[in-house]
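Number of protein chains: 4
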Amino acid sequence: MNTLNIGLVGYGFMGRTHSNAFLQAPRFFDLPFKPVLKAVAARNEDRVKTFAANWGYESYETDWRKLIDRKDIDVIDIASPNDTHREIAIAAARAGKMVMCEKPLGRTAAEAETMVAAVESAGVPNTVWYNYRRVPAVTMIKQLVDEGKLGRIFHYRAKFLQDWTISKELPQGGEGLWRLDVAVAGSGVTGDLLAHNIDTALWLNGPITEVTAMTETFIKERKHNITGKVQAVGIDDASAFLCRFENGSLAMFEATRYARGHKALYTLEINGEHASAFWDLHDLHRLQYFDHRDEGRVRGWRNIHITDADQPYMKHWWVPGLQIGYEHTFTHQFADFLEAAAKGKSLPPTFRDGLATDYVTDAVLKSGRTRQWEKVAGAPATVA
Amino acid sequence: MNTLNIGLVGYGFMGRTHSNAFLQAPRFFDLPFKPVLKAVAARNEDRVKTFAANWGYESYETDWRKLIDRKDIDVIDIASPNDTHREIAIAAARAGKMVMCEKPLGRTAAEAETMVAAVESAGVPNTVWYNYRRVPAVTMIKQLVDEGKLGRIFHYRAKFLQDWTISKELPQGGEGLWRLDVAVAGSGVTGDLLAHNIDTALWLNGPITEVTAMTETFIKERKHNITGKVQAVGIDDASAFLCRFENGSLAMFEATRYARGHKALYTLEINGEHASAFWDLHDLHRLQYFDHRDEGRVRGWRNIHITDADQPYMKHWWVPGLQIGYEHTFTHQFADFLEAAAKGKSLPPTFRDGLATDYVTDAVLKSGRTRQWEKVAGAPATVA
Amino acid sequence: MNTLNIGLVGYGFMGRTHSNAFLQAPRFFDLPFKPVLKAVAARNEDRVKTFAANWGYESYETDWRKLIDRKDIDVIDIASPNDTHREIAIAAARAGKMVMCEKPLGRTAAEAETMVAAVESAGVPNTVWYNYRRVPAVTMIKQLVDEGKLGRIFHYRAKFLQDWTISKELPQGGEGLWRLDVAVAGSGVTGDLLAHNIDTALWLNGPITEVTAMTETFIKERKHNITGKVQAVGIDDASAFLCRFENGSLAMFEATRYARGHKALYTLEINGEHASAFWDLHDLHRLQYFDHRDEGRVRGWRNIHITDADQPYMKHWWVPGLQIGYEHTFTHQFADFLEAAAKGKSLPPTFRDGLATDYVTDAVLKSGRTRQWEKVAGAPATVA
Amino acid sequence: MNTLNIGLVGYGFMGRTHSNAFLQAPRFFDLPFKPVLKAVAARNEDRVKTFAANWGYESYETDWRKLIDRKDIDVIDIASPNDTHREIAIAAARAGKMVMCEKPLGRTAAEAETMVAAVESAGVPNTVWYNYRRVPAVTMIKQLVDEGKLGRIFHYRAKFLQDWTISKELPQGGEGLWRLDVAVAGSGVTGDLLAHNIDTALWLNGPITEVTAMTETFIKERKHNITGKVQAVGIDDASAFLCRFENGSLAMFEATRYARGHKALYTLEINGEHASAFWDLHDLHRLQYFDHRDEGRVRGWRNIHITDADQPYMKHWWVPGLQIGYEHTFTHQFADFLEAAAKGKSLPPTFRDGLATDYVTDAVLKSGRTRQWEKVAGAPATVA
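Residue numbers (the numbering used here), protein chains in the order written: chain A, 56 to 439; chain B, 56 to 439; chain C, 56 to 439; chain D, 56 to 439.
In short, the hints are calculated from the structure, not lab data.
Incorrect hints may have been included.
Intra- or inter-copy, both count: the list cannot distinguish identical chains.
Straight-line C-alpha distance at most 16 Å; calculated EDC-like pairs for lysine to aspartate or glutamate [what the hints assert, rightly or not]:
1) Lys89 - Glu394
2) Lys204 - Asp349
3) Lys421 - Glu394
4) Lys318 - Asp365
5) Lys400 - Glu168
6) Lys318 - Asp363
7) Lys223 - Glu328
8) Lys370 - Glu224
9) Lys126 - Asp338
10) Lys318 - Glu328
In this text, all values refer to a predicted model and were calculated from it rather than measured experimentally.
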């Protein structure tokens with residue numbers, strides 16, 4: 056079996072989830088390649104060295120450019136902060152490497168467009184880590200929608216609620232807190248959380264045509280960890296929008312980091328003529344499904360424990376009733392990426408799909424400023 | 056339409072639920088009789104007078120015997136403490152009155168046997184207020200079982216958990232606390248709570264053949280409200296048993312007033328070859344139903360909101376989604392009793408059914424003492 | 056005790072819930088008046104006669120004007136379709152009657168303004184039947200908010216999801232279906248469902264300043280039951296909006312009759328700096344409450360079974376663990392109305408409060424047409 | 056850092072979970088040893104070779120005795136069927152190897168006693184894979200109990216419900232089905248499922264003194280996969296018992312493979328004077344906790360999402376809100392075992408703890424036969 060040599064950029068939270076996926080996938084899936092954790096790149100030598108040792112990377116670099124220059128790297132995986140995605144991805148594509156990139160693809164659609172152009176002109180397999188598509192319960196919803204089980208769709212609603220930034224004492228910027236620094240992150244919850252909701256929605260329900268949005272920054276100033284000064288907060292703490300999909304359905308989306316009591320509550324619901332489905336991240340292995348075609352007297356929401364072999368991805372894991380964790384959304388995506396890459400193909404969500412989400416988040420942020428309905432720029436999703 | 060004149064004995068918690076049923080039933084059901092709240096009897100004149108005024112009873116008595124002597128009373132409803140059931144019921148039957156009696160029928164099966172003999176020899180319509188049979192969700196389970204939807208039954212489990220007697224400071228005996236006084240109540244949770252679980256189980260799953268039980272009194276002494284003295288506690292605070300049903304299924308039952316966090320958690324579950332059902336009193340309008348014949352991928356427990364017109368009793372109430380309260384279990388039973396009485400029939404659970412439950416509670420209490428498996432005396436349930 | 060003579064207009068679903076409240080309140084509450092079901096008015100004599108007999112009204116009229124002319128009526132209760140509210144309420148007020156009116160107060164704020172003017176110039180006690188304020192769990196949220204337990208509010212979200220109009224075969228108009236006829240109802244889900252969400256929100260979270268909305272009619276034509284012809288559907292099938300409250304919080308509201316699987320799912324959630332609360336109508340006796348001040352390790356959403364005597368209204372009912380039904384929201388409001396009326400006061404939600412909700416629904420419907428953010432006309436809520 | 060060379064026996068379901076733990080622990084925990092997957096032993100050479108390759112074992116053996124003879128193995132991990140535990144464990148202990156053994160320790164307490172004697176006389180660190188102790192939510196209950204948060208314990212209840220053997224067509228014996236073959240498994244659900252419930256209970260609530268039990272085999276004959284013949288089924292399909300703990304609390308336990316609708320529903324609940332806790336395996340990252348000391352009005356079961364850094368084991372994983380899977384109960388136990396082993400100590404549940412559980416399961420099976428209350432042989436739990 057051929058090896059596939061991986062070069063990872065970044066060693067934060069996402070660096071860990073990706074590395075774990077690289078190690079776990081071969082134990083549970085028949086892969087067309089043997090993945091090799093060849094090298095990891097990050098600026099702080101002490102820390103990258105420790106990270107490499109912990110996860111079993113054969114080597115490390117302190118400059119990602121060196122990683123791209125190396126001939127022994129087949130795929131570049133970008134797990135560094137948002138402001139680095141574009142430059143690294145384009146360089147990797149130009150060097151003929153496959154590219155896996157954390158979400159959001161670009162801080163703006165303009166950034167993302169150049170990234171799409173780069174991977175498509177280089178013809179390299181690519182994917183964006185919108186990992187929630189590969190929660191087994193979510194993949195199951197996709198199956199049900201594609202089979203027509205829901206019928207005409209009337210409504211879609213999704214939210215992503217957190218509560219970790221409510222304290223005024225929390226600083227912004229730097230290690231672990233770059234998500235609060237607009238220069239690095241590009242936006243607040245719109246790019247960090249709503250982007251996940253949007254990617255799944257585009258996949259399940261097709262293109263969004265227009266949006267009207269409302270954004271807010273509740274805490275206006277925070278100390279910046281790098282400058283040491285109290286500075287204006289540039290990110291959106293909360294972001295919500297109404298929209299219409301091309302298929303005629305109506306939708307509501309909301310993300311916030313000020314919803315006390317919710318740690319990482321991504322919920323989605325889709326209502327069709329015949330059936331509806333609901334999922335939430337706090338119970339990720341469960342699917343709620345309602346089928347109006349059930350006999351009326353005993354019709355109800357079915358609470359489905361997605362742990363059986365005939366449910367998506369689950370034949371690779373344990374036995375019925377035993378749930379898997381969050382981290383395996385990445386394991387699944389990596390296994391699927393290798394399958395696609397072996398055929399020279401990209402894996403949805405591709406860079407082009409990531410761009411489609413950026414078009415929506417751009418429209419949301421714009422509408423928050425203009426207080427108008429805004430059209431979403433065209434970005435037909437990749438056909439799987 | 057003929058009137059049906061009601062004479063109620065007792066004005067406690069059950070006096071209120073029954074009176075409410077007498078008033079509500081005619082508004083929501085087409086009844087064969089017009090119920091008239093003719094008289095209520097209780098010893099304390101001030102209080103019975105107030106009660107009569109509040110609920111619209113035309114008159115009151117301070118001795119239940121006078122109630123039975125009155126020619127203008129058609130049905131005697133017994134809502135007084137357990138130690139009074141036998142004498143009143145027998146007197147009422149002998150006087151040719153219909154009899155409705157609170158549960159448990161007797162403090163012992165021996166008491167209940169004399170009561171059954173009295174109503175049967177008098178030929179008067181009778182019923183015991185095991186009200187939970189007429190929770191719409193529970194009635195629905197009965198329908199599903201009778202239709203064979205569950206197939207061969209393997210397991211039944213029920214419990215009734217409360218936590219209101221944990222404090223050592225709580226006295227026993229007297230107004231509102233007679234349930235803690237063994238002389239009045241007959242037993243503790245076995246007759247008060249387990250009896251409910253057992254009645255439903257006999258109805259849904261047929262006769263119980265033998266039991267092995269464990270009972271306990273956690274707080275050994277309490278002040279008695281009537282004597283004013285600290286006295287030994289004679290009731291069982293907790294009672295649990297294993298048993299076998301005639302149909303070959305196995306079961307577990309438990310009741311306690313020492314399960315911190317549970318107010319009145321009656322739960323039941325029945326597992327059949329093809330399907331299972333679960334219900335709990337804290338969400339009485341919901342039925343959990345699992346049907347193995349559903350397609351495997353989307354098989355799960357259906358959370359059914361029993362509020363639709365095609366679900367038991369619900370066409371009489373509001374619109375889908377709007378739940379009814381606990382008190383209407385009595386309303387339903389009263390409406391059904393009038394239907395039966397109009398045909399000269401008793402309404403299950405009849406006195407004979409109440410006796411069947413007393414046979415089981417007797418066996419449970421005996422097994423708690425003998426530490427042996429005990430056979431349940433025969434008492435074929437009334438055929439509805 | 057003085058009597059209070061009630062004259063009801065309308066005998067539909069709401070006529071039943073109100074009548075039931077009139078009968079039930081005196082059994083469970085100490086009231087300052089003895090309510091008397093004096094008369095009911097509706098056009099169809101056979102049906103109004105039957106209705107009167109069923110609920111115990113002493114008399115009936117076939118013209119509501121006669122009801123208002125009668126000297127023996129103290130309070131007019133309007134439970135007829137929306138297009139009749141204004142005329143009846145104004146006539147009742149002019150005749151010096153107290154007025155209780157079903158929601159929405161007017162089909163438009165313009166209608167409602169004239170109604171407010173009438174009751175206020177007549178000085179008659181009034182209330183609007185936004186009954187959900189008096190779900191015990193909802194009243195409890197109000198207590199917690201007023202006590203400052205939640206702290207600064209960041210988010211509010213509410214929805215009302217139904218699925219009963221999805222079929223294209225369902226006609227519009229006439230008996231039981233006037234809610235689908237825009238001429239009678241004024242609007243679709245905006246006035247019927249969202250109005251409930253809005254009234255509760257204004258009560259719990261203060262005034263809404265501006266909204267941006269999206270409305271839709273999924274089924275464009277339906278047979279009209281009165282004309283017999285297929286006609287354009289004028290109501291909104293779905294309506295959603297984003298808004299800002301005066302207190303700086305952000306909110307999302309949605310109502311639809313096309314959410315497959317939901318019968319009458321009114322849900323609300325409010326997120327504060329310190330605590331959050333959630334409630335839904337399908338489990339109306341439960342309150343979900345999260346308090347960040349709980350010890351971190353064991354912090355979680357508390358699932359509170361609102362059935363204890365120290366919880367709003369519950370000391371009037373049964374014992375802990377035993378839930379009450381939907382209908383008692385009306386019982387509570389009626390009992391509270393009598394308390395207020397005995398002091399010559401109106402009961403919130405008053406007509407003025409009902410107008411405040413109409414200002415919001417007007418703004419929502421307008422924004423749906425203009426596709427702009429719309430300001431909400433000022434209508435300070437009644438101080439309780 | 057020293058290495059710890061592991062020799063695994065068995066490559067079934069448990070062979071996979073253990074191997075995964077060996078690979079995962081060093082990525083997420085600071086371990087005192089570097090674990091090395093040195094060798095795996097099993098009889099079928101093709102399959103053991105494939106297994107070794109998949110999980111990265113350096114070598115394989117087709118006879119477990121060779122594994123024990125190897126000098127380069129520090130710890131023997133027994134993941135083979137129950138009938139092999141005793142011989143392997145004793146041989147390993149005699150060879151001076153540390154021993155980790157799958158549960159149940161022995162098929163009977165008599166077997167287990169010889170195993171305890173062997174490891175204790177050899178003085179080798181040992182543990183039994185009762186993995187559910189290290190579900191973070193379960194470990195949290197242990198913390199709360201040990202801190203006295205629950206107060207005096209009144210009740211304990213646990214069950215383990217499955218439904219995978221209901222079909223009469225399912226054969227017994229051989230690969231993947233040895234759990235149905237009494238000669239190999241020792242018993243049915245008593246040793247397979249109840250043993251888990253019992254181990255956790257002994258840990259949380261102390262010794263059990265006596266039991267009364269009921270066991271059943273619903274399907275009396277099944278085809279045997281090895282002999283090819285239809286043979287009597289020797290295992291218990293269902294097993295339930297009542298018991299008393301040394302601390303005075305009462306308990307109920309039940310396990311079955313005939314509870315339609317439940318895949319692997321291990322639930323436990325413990326009720327104390329002040330607080331109660333509930334957990335179930337189908338939502339393993341959630342803890343239900345009720346604290347009576349909360350303010351009465353807002354007292355309820357707290358639904359705690361055990362994913363925060365201050366909750367057991369969770370600082371090693373992801374971020375709040377992101378759940379981990381079943382497999383990490385093994386990862387935790389392995390990490391803890393290495394900590395203990397580094398100090399020359401055994402890790403609870405030790406072999407002695409495993410024996411304590413075998414004493415209870417023996418008493419349960421005996422009581423099922425004798426239909427008497429049976430005392431549980433003394434086996435004081437290891438002090439951690």
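Against the structure, the hints:
{"no.": "1", "hint": "Lys89 - Glu394", "verdict": "within (12 Å within a copy, 32 Å between copies)"}
{"no.": "2", "hint": "Lys204 - Asp349", "verdict": "both (12 Å within a copy, 14 Å between copies)"}
{"no.": "3", "hint": "Lys421 - Glu394", "verdict": "neither (38 Å within a copy, 52 Å between copies)"}
{"no.": "4", "hint": "Lys318 - Asp365", "verdict": "between (30 Å within a copy, 14 Å between copies)"}
{"no.": "5", "hint": "Lys400 - Glu168", "verdict": "neither (19 Å within a copy, 59 Å between copies)"}
{"no.": "6", "hint": "Lys318 - Asp363", "verdict": "between (27 Å within a copy, 9 Å between copies)"}
{"no.": "7", "hint": "Lys223 - Glu328", "verdict": "between (45 Å within a copy, 11 Å between copies)"}
{"no.": "8", "hint": "Lys370 - Glu224", "verdict": "neither (46 Å within a copy, 22 Å between copies)"}
{"no.": "9", "hint": "Lys126 - Asp338", "verdict": "neither (43 Å within a copy, 46 Å between copies)"}
{"no.": "10", "hint": "Lys318 - Glu328", "verdict": "between (32 Å within a copy, 14 Å between copies)"}
Checked against the numbered hints above, the structure violates hints 3, 5, 8, 9; every other hint is satisfied.
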